[in-house]
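Trainee: Put chains B, C and D on the given structure of chain A with help from the hints.
Number of protein chains: 4
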Amino acid sequence: MIRTFETHLIREQKELTGCLWDFIPCQGENAGKVYKVATPGCWETYPDFGNYRGEAIYRTSFVAEGDIRLEFKGVSHTATVCLDGQEIATHYNAYTAFEVVVKNLAHGEHILEVKADNSFNENSALHIPNDYMTYGGVNRPVVLEMLEDAYINYVHVTPYRKADKWNAKVEIKVTNLKEDAQMLDFKALIAEEAAEWKDVVIEANDSIVLSSELEFAEVSMWEQDNPKLYKVSVTAYKDGYAIDDLIDRFGFREVSVEGKKILFNGKPIHIKGVCRHEDHPQFGCAIPYAAMAADLDIIRHLGANSVRTVHYPNDELFLDLCDEMGILVWEENHARGLSLENMQNLNFEPQAEKVIDEMITLHYNHPAIYIWGILNECASETEYGKECYRKQFELIKKLDTSRPTSFASCKFKTDISLGLPDVVSYNIYPLWYHNTSVEDYLDDLYQWIQSDTEGAGKPFLITEVGAGGIYGYRNNYNSKWTEEYQAETLEKQLTAILNY
Amino acid sequence: MIRTFETHLIREQKELTGCLWDFIPCQGENAGKVYKVATPGCWETYPDFGNYRGEAIYRTSFVAEGDIRLEFKGVSHTATVCLDGQEIATHYNAYTAFEVVVKNLAHGEHILEVKADNSFNENSALHIPNDYMTYGGVNRPVVLEMLEDAYINYVHVTPYRKADKWNAKVEIKVTNLKEDAQMLDFKALIAEEAAEWKDVVIEANDSIVLSSELEFAEVSMWEQDNPKLYKVSVTAYKDGYAIDDLIDRFGFREVSVEGKKILFNGKPIHIKGVCRHEDHPQFGCAIPYAAMAADLDIIRHLGANSVRTVHYPNDELFLDLCDEMGILVWEENHARGLSLENMQNLNFEPQAEKVIDEMITLHYNHPAIYIWGILNECASETEYGKECYRKQFELIKKLDTSRPTSFASCKFKTDISLGLPDVVSYNIYPLWYHNTSVEDYLDDLYQWIQSDTEGAGKPFLITEVGAGGIYGYRNNYNSKWTEEYQAETLEKQLTAILNY
Amino acid sequence: MIRTFETHLIREQKELTGCLWDFIPCQGENAGKVYKVATPGCWETYPDFGNYRGEAIYRTSFVAEGDIRLEFKGVSHTATVCLDGQEIATHYNAYTAFEVVVKNLAHGEHILEVKADNSFNENSALHIPNDYMTYGGVNRPVVLEMLEDAYINYVHVTPYRKADKWNAKVEIKVTNLKEDAQMLDFKALIAEEAAEWKDVVIEANDSIVLSSELEFAEVSMWEQDNPKLYKVSVTAYKDGYAIDDLIDRFGFREVSVEGKKILFNGKPIHIKGVCRHEDHPQFGCAIPYAAMAADLDIIRHLGANSVRTVHYPNDELFLDLCDEMGILVWEENHARGLSLENMQNLNFEPQAEKVIDEMITLHYNHPAIYIWGILNECASETEYGKECYRKQFELIKKLDTSRPTSFASCKFKTDISLGLPDVVSYNIYPLWYHNTSVEDYLDDLYQWIQSDTEGAGKPFLITEVGAGGIYGYRNNYNSKWTEEYQAETLEKQLTAILNY
Amino acid sequence: MIRTFETHLIREQKELTGCLWDFIPCQGENAGKVYKVATPGCWETYPDFGNYRGEAIYRTSFVAEGDIRLEFKGVSHTATVCLDGQEIATHYNAYTAFEVVVKNLAHGEHILEVKADNSFNENSALHIPNDYMTYGGVNRPVVLEMLEDAYINYVHVTPYRKADKWNAKVEIKVTNLKEDAQMLDFKALIAEEAAEWKDVVIEANDSIVLSSELEFAEVSMWEQDNPKLYKVSVTAYKDGYAIDDLIDRFGFREVSVEGKKILFNGKPIHIKGVCRHEDHPQFGCAIPYAAMAADLDIIRHLGANSVRTVHYPNDELFLDLCDEMGILVWEENHARGLSLENMQNLNFEPQAEKVIDEMITLHYNHPAIYIWGILNECASETEYGKECYRKQFELIKKLDTSRPTSFASCKFKTDISLGLPDVVSYNIYPLWYHNTSVEDYLDDLYQWIQSDTEGAGKPFLITEVGAGGIYGYRNNYNSKWTEEYQAETLEKQLTAILNY
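Chains as they are written, first to last, in my numbering: chain A, 1013 to 1512; chain B, 1013 to 1512; chain C, 1013 to 1512; chain D, 1013 to 1512.
Bound conformation, chain A alone (with noise of 0.2 Å):
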């Protein structure tokens, strides 16, 4: 299951996991056997697998001719991929979709290999020995598509209000495919607005980017709860015939920031919302459908309103879910609790700005996404961290101006990077890690921020709380990591939050 909506009328589109591969672990005692296994899945949800750390091979086949598109969801944690056993691309990142284009491909069946490699080691600056657990495995969908003369990589759609009306930029960005230039033309359709891009000369295999504006007269908003979500249809034309087109959703609604109030659709929200790995326990990452609005249903039975993707970016399925749902999303890039010598690593600039762009560039148009938020609780008490913060806030406003920024400190009144964001966010574990009251800890961490810190007078979020706990461990004493004191616990914290 790719999506919860059909993307594609005109271009064709299979997938390819959603069956069984062939499994082949690369090493240890079972090294060169091959399973049969279901997938999207993780191989430490396998038998005999639970502790496998290194590299496995998928495999499958597929019958297709002339120019295609492989899209690979996921795969966790670095990804080889080979077609009738030539490399066509590489991968790092378990959190990120990427894509590749293969032109010419012979009629008849064809190996496709994807090796996955979740070991940890120099080379991998984001994927390190953590409180969350890096997967190995193809985790999320793998995507067949039959292509033409071109494709539209992408259609943004930036819905804004003006003069009391409702407007959005629309861009697209096209490829050619042929060695030869060709002339092409767009048509982007919202609603009964239609933006239209005529005679587009696009130079051989070559990209552009088209942009336009909309205007409409009458419009329903995104509200969490009347979640109106829009489609935005772009086909591209030769020669009067339409060779692909490209289905996406948005709703309209805005975010901003206005003193120390985070405003939705020009009104202040009340962010009450829970922290969410993409981890099951029969299923690990790859989680089914099923499981994902199971996880939404008790987020929404609990009276929350949001959801943070901690650490990493989410399954687009989960995003759409969202969108349908009026659940709002702190999407955050992956990386959690880097310490100054993790960031010191050298691969960890590129590969954090690479998730970024992946990120935003593909999850652009929800409109349950809210806030950008990077780098959980790394050093942001040094200059070193500082000037990591600074890159990456600056590489986000790049890519979209429409959405605040944040990151979750835990720097308790050291940080210094608190002028960077647009809305200041702490994780606070009173109770848990120390006995201060939650009351006393949290007045003392804001006044501190109110009169010390580049954080003043700006919005001001928790972004988590929590003490730890056991299945099934009770007692009547209620001593640490029982589900009492767990409970308890939450309930202090919770309440104390809420009337601050």
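A portion of the hints provided could be inaccurate.
Put simply, identical chains are the same to the list, so a pair is met inside one copy or across any two.
[Said to hold, decoys possible] 20 Å max Cα-Cα, derived EDC-like pairs, lysine to aspartate or glutamate:
#  : residue 1 : residue 2
1  : K1048     : E1235
2  : K1026     : D1257
3  : K1423     : E1215
4  : K1127     : E1067
5  : K1240     : D1034
6  : K1423     : E1395
7  : K1026     : E1157
8  : K1026     : D1260
9  : K1492     : D1060
10 : K1048     : D1307
11 : K1240     : E1121
12 : K1048     : E1336
13 : K1048     : E1121
14 : K1504     : D1060
15 : K1492     : D1143
16 : K1403     : D1369
17 : K1423     : D1211
18 : K1250     : D1192
19 : K1045     : D1237
20 : K1504     : E1041
21 : K1398     : D1464
22 : K1492     : D1291
23 : K1048     : E1328
24 : K1174     : E1225
25 : K1410     : E1365
26 : K1243     : E1121
27 : K1279     : E1235
28 : K1048     : D1237
29 : K1045     : E1336
Bear in mind the hints are in silico, worked out from the structure with no lab data behind them.
Mentor: Chains B, C and D only, in chain A's frame:
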């Protein structure tokens, strides 16, 4: 997700589930409220509906026109389907698919409502309070198909060995959707061999069954350790144009009974399997593909070679996986532990027979299915019961002569129906329901069958063993319901039975 | 450990349990083997005996001579006691103590064997298969006492208020162990007041009951928040020498019924309590003192002020703790859910009456006990059952007029015995066994009692509520048997009842 | 409950615990509140005190006069004892008993207060944050004894084999409580043999040690499968009257080391045992007798023949049970995983040596103890650490030459202290902390010991193996921390070690 392979290249097909639908309970404190829920699903897994028993409406919309076919893979347990407010179908029983063809639909968006009812009452002879759960909901996929002038209802392939060669009988059923008679051509392709039916005339709104035999020079058998699958692809042509198709899979293999042996491709097989309910702690009976595959991983890892679908026909996806993994299937019609009184319910016979008909028609081609089972632990010790068993076995043989039949009895030395099936089967629970040793109990039973019943000389299966256990209940003194007692009892039961 | 205070300074006393004894099962694969086991204990907690039902011998030895008294606080459920191979006592019922006096024991080591039987059969009218466990074993302490020429069987103190002063009736029973009549003096001391009986002649091997009244100038009441206990110390003198003593505790408090109120020391009390079984996952019914105290900690911490000893008399140690902690006790004779047929067992009446007699005689002085209960959920809707209830209430009043009586009924609007007890009590399970709202169900029941029964105008207690739950079974959709459903249901039940 | 047998027939003795005491926390929100709590106990098991770390007072009263002895079996971890408001004793370390003798007590009720402190600070060198719990409370019994003019401090019996006969060295220590010298007689009785010391003069307030040797014609050995215990009964006489006594138990058995073998009664023994913490989910470290016995039931049922008291001396009751059940004991002084820095704490040496002295003096007679262990996993790879080990082994040999010594090392191929103990021991965790196979790891270690260390040629024990597991965490893919992984790893470790 519908199947693990494509079933149509010509007929346009779209899954309507796999996204959020409206859910509207009809009774109780939340009657009339509208919820967004992921489909397929069971309402018992939604917050607030864990104990809901009654009726509820599932609602979605789709865009289509002309003649369409809607297929409902499973609605539990009674479905009433409305399209644009008009009732178009009803169906009883959670575990078999049903279809409805609607003609001449106007272009545009159409509202589809499925009222599901999971209540227990006199009209429901098979779904009664029982030791497994009757869930409520649209718990398997719903599929929309666009039809042309005619469509192929099914293709049934029966492989058989003759003169050292594999042959196959191919039978197709096709339906004329027009108000006039039509002349059509049909072609069924398997490997390199084709059966063709030319100039077939079908009367207005009528159906016809066509049959042919094929011989194969060289094909691979479907074996458990190499479950080679073949496609059968049927196409309908009108005036030379392909207007419909249907693709299914099967395997070259034969099952037969010879004395006390079950022969699979001519060799005796030793059945070591598990009984499996379609039930999952998170998803109820609406089990995602990944969870089905995980179940089969466990089954395979245990060293088992088969699964019994207690006590109802299963989701086709599960059967697809069994076909692909080489796991044999005892597929069972829906009924468990019916007393004589239950069997005398006037609805019992028609409802049970309808399930048999639907099950065999729909699952005919699955090579994994090696036996048809009926009426687990029902009143086979009574004359009335015996007559029911007799009629149902007759019906099965009318629909399929290529597989043996059986039923799982628990009537210790009182069963009078053992002459009816091809294979005698018993569910036994020594050390759980009573303290007789496994060896003694089994020997006593087996000697009685051989000496005092019409089951003498037939193959004999133990179809259930077991001991209850509560997750996490453990102690060092091995009391009943502990994991320790359960594990120890299972070991004793299995060891004794496998040694017998 | 026998009691939480010393009961003799003169009579020599020694616990025989609290060390390893021999344990010899009489049936099954381990029959005749000798195990060393800690006493007191239940054999169901020994490895290999978790499911043993039958007879087993517990064996120890002790050194003594002359006249001795052996007290068995509890043997489950039928005891046969042998000393040096000679049967000296038998006793039925797990939950009351019994004694045996042996005279003229030779000096030296003596072998004590207790055969315990926990099997179910016709002879056992109270221990039947039920929803609580009948364990096997010597599950409460065994005590050895050295006697002189006479001994004090019991002292019963009945405090009462008269003319603004506290008074107490003191009654002692004493036994002459000699073959000749003896003349003895007795003295009972409470606070500074003493009752004396001089020159009391007791016939050979006879017993006599003596009584006296005392008035107290200034004593503290036993109140729940200040449970002041007083000792009564009785001494027997022969020729001026103290030859025996017995020390017990009591409290100055009165319980009475006035219209719909239960008065405790003249003030209405509001009973908020729990039902407690003597059962522990590690120790069965042989519960260590520390575990009893932990239970009471939980009870107190819940805000409860009382406990009901469902469905049998409890270990004295537990009553001692209740006396000390100010927790009121509904003590109940042994019987639960007996059907009319169960009550018609010929052993039912004598066995039940014996438990009542033993319970009241032994536990008379505990100030915590505020009510005597009988026959939980038995056939109080039948004429036969009603007659049994009537006889047992008569017996209770013969033994003790200082406390009210009750029984817990579950006969919704059909009970015909509500005229018999002082207090009307009902066990109700709305939202668990049926779905009527707590308020409606309770109101319906209460109105019926007041308008249609002889229970009208009496105090009314709800003696059970509840919902089942399996430890660790949780889900987010609140289905029955989850911890969530249990917690929510209990909250609804308790809130509705406390508000009524 | 003090011991499993009577230790005095003459000296009057009474347990002060085994009833409710007052408990008054000194810090935190509940400081100064008075609770009634069952003793012995750990405050971490009281509602509201599950996480309390600090000081608290336990208070009771008793009636006595004259000279008394108070024995505290265990207070965790620092005790300050006051009698009637006067400090009479202090003691450090939770795991050894201490006594105080108070003279000339006035007749009447006396208030006893024990302030327990479980906080971590510089003064505490052994109780530090660690991987086992340091509880707070009066967690073992408190005993009151009434003394006459003198009392017996201890009796130590050392059995040994000479010229085919069993002999025993008997040593007693006695104390004169008077202000004048006294002349007393003493007699020690074992079986039929007696040692006597006549006209012994002890100076005022002085103690004296007396010694004697006995030879036995016919006694039974203490063997694991027939652990025959003998009593030694010591009586003190003044002017012909018995004024004090002390009864203890021992067994006739010898332990020695011969090359790579440990000889028990001259025969090599194969140690198969478990490590056990004094910890219980309900009772913390204040474990009831029944729970201790249940632990030993499990140990015995596993096929083990010994237990290691990781990482501190145990409750005497547990040792009594081991004596009675024939379970060998490695008793260990208190210390686990101390780093070099921890060992350099100035309190380390005196505190550790005091525990050794108390442990050996108090537990000298237990036949079950076959080895003394010290300093588990401390800095035995450093010169400083080695010197600490050397001094402590010297101290042990000064106190007891009848048993071998050892320490459990985890310094893989770096330990430099293996020349010091009689037995070389290692804790190993292959497949848990690293992935080397058990066989390889063990072989590598053993070869190194034999070829490169002073441990060569000594007996060798594996003193720990293991793998973590979370109760109820299970999956089918065997990941770390599951019960499956734990069970499988333990099986691999044990199989490999027992086969080595």
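Trainee: Next, verify each hint and record whether it holds.
Mentor: Tested hints:
no., hint, result
1, K1048 - E1235, "between (45 Å within a copy, 15 Å between copies)"
2, K1026 - D1257, "both (15 Å within a copy, 18 Å between copies)"
3, K1423 - E1215, "neither (51 Å within a copy, 69 Å between copies)"
4, K1127 - E1067, "within (7 Å within a copy, 49 Å between copies)"
5, K1240 - D1034, "between (41 Å within a copy, 15 Å between copies)"
6, K1423 - E1395, "within (13 Å within a copy, 41 Å between copies)"
7, K1026 - E1157, "both (6 Å within a copy, 17 Å between copies)"
8, K1026 - D1260, "both (17 Å within a copy, 18 Å between copies)"
9, K1492 - D1060, "between (33 Å within a copy, 12 Å between copies)"
10, K1048 - D1307, "between (29 Å within a copy, 13 Å between copies)"
11, K1240 - E1121, "between (42 Å within a copy, 17 Å between copies)"
12, K1048 - E1336, "between (35 Å within a copy, 9 Å between copies)"
13, K1048 - E1121, "within (19 Å within a copy, 41 Å between copies)"
14, K1504 - D1060, "between (42 Å within a copy, 15 Å between copies)"
15, K1492 - D1143, "both (19 Å within a copy, 14 Å between copies)"
16, K1403 - D1369, "within (13 Å within a copy, 65 Å between copies)"
17, K1423 - D1211, "neither (55 Å within a copy, 77 Å between copies)"
18, K1250 - D1192, "within (14 Å within a copy, 41 Å between copies)"
19, K1045 - D1237, "between (51 Å within a copy, 14 Å between copies)"
20, K1504 - E1041, "between (50 Å within a copy, 16 Å between copies)"
21, K1398 - D1464, "within (17 Å within a copy, 52 Å between copies)"
22, K1492 - D1291, "between (24 Å within a copy, 16 Å between copies)"
23, K1048 - E1328, "between (26 Å within a copy, 19 Å between copies)"
24, K1174 - E1225, "within (12 Å within a copy, 71 Å between copies)"
25, K1410 - E1365, "within (12 Å within a copy, 67 Å between copies)"
26, K1243 - E1121, "between (35 Å within a copy, 16 Å between copies)"
27, K1279 - E1235, "within (11 Å within a copy, 59 Å between copies)"
28, K1048 - D1237, "between (44 Å within a copy, 12 Å between copies)"
29, K1045 - E1336, "between (43 Å within a copy, 18 Å between copies)"
The structure shown violates the earlier hints numbered 3 and 17.
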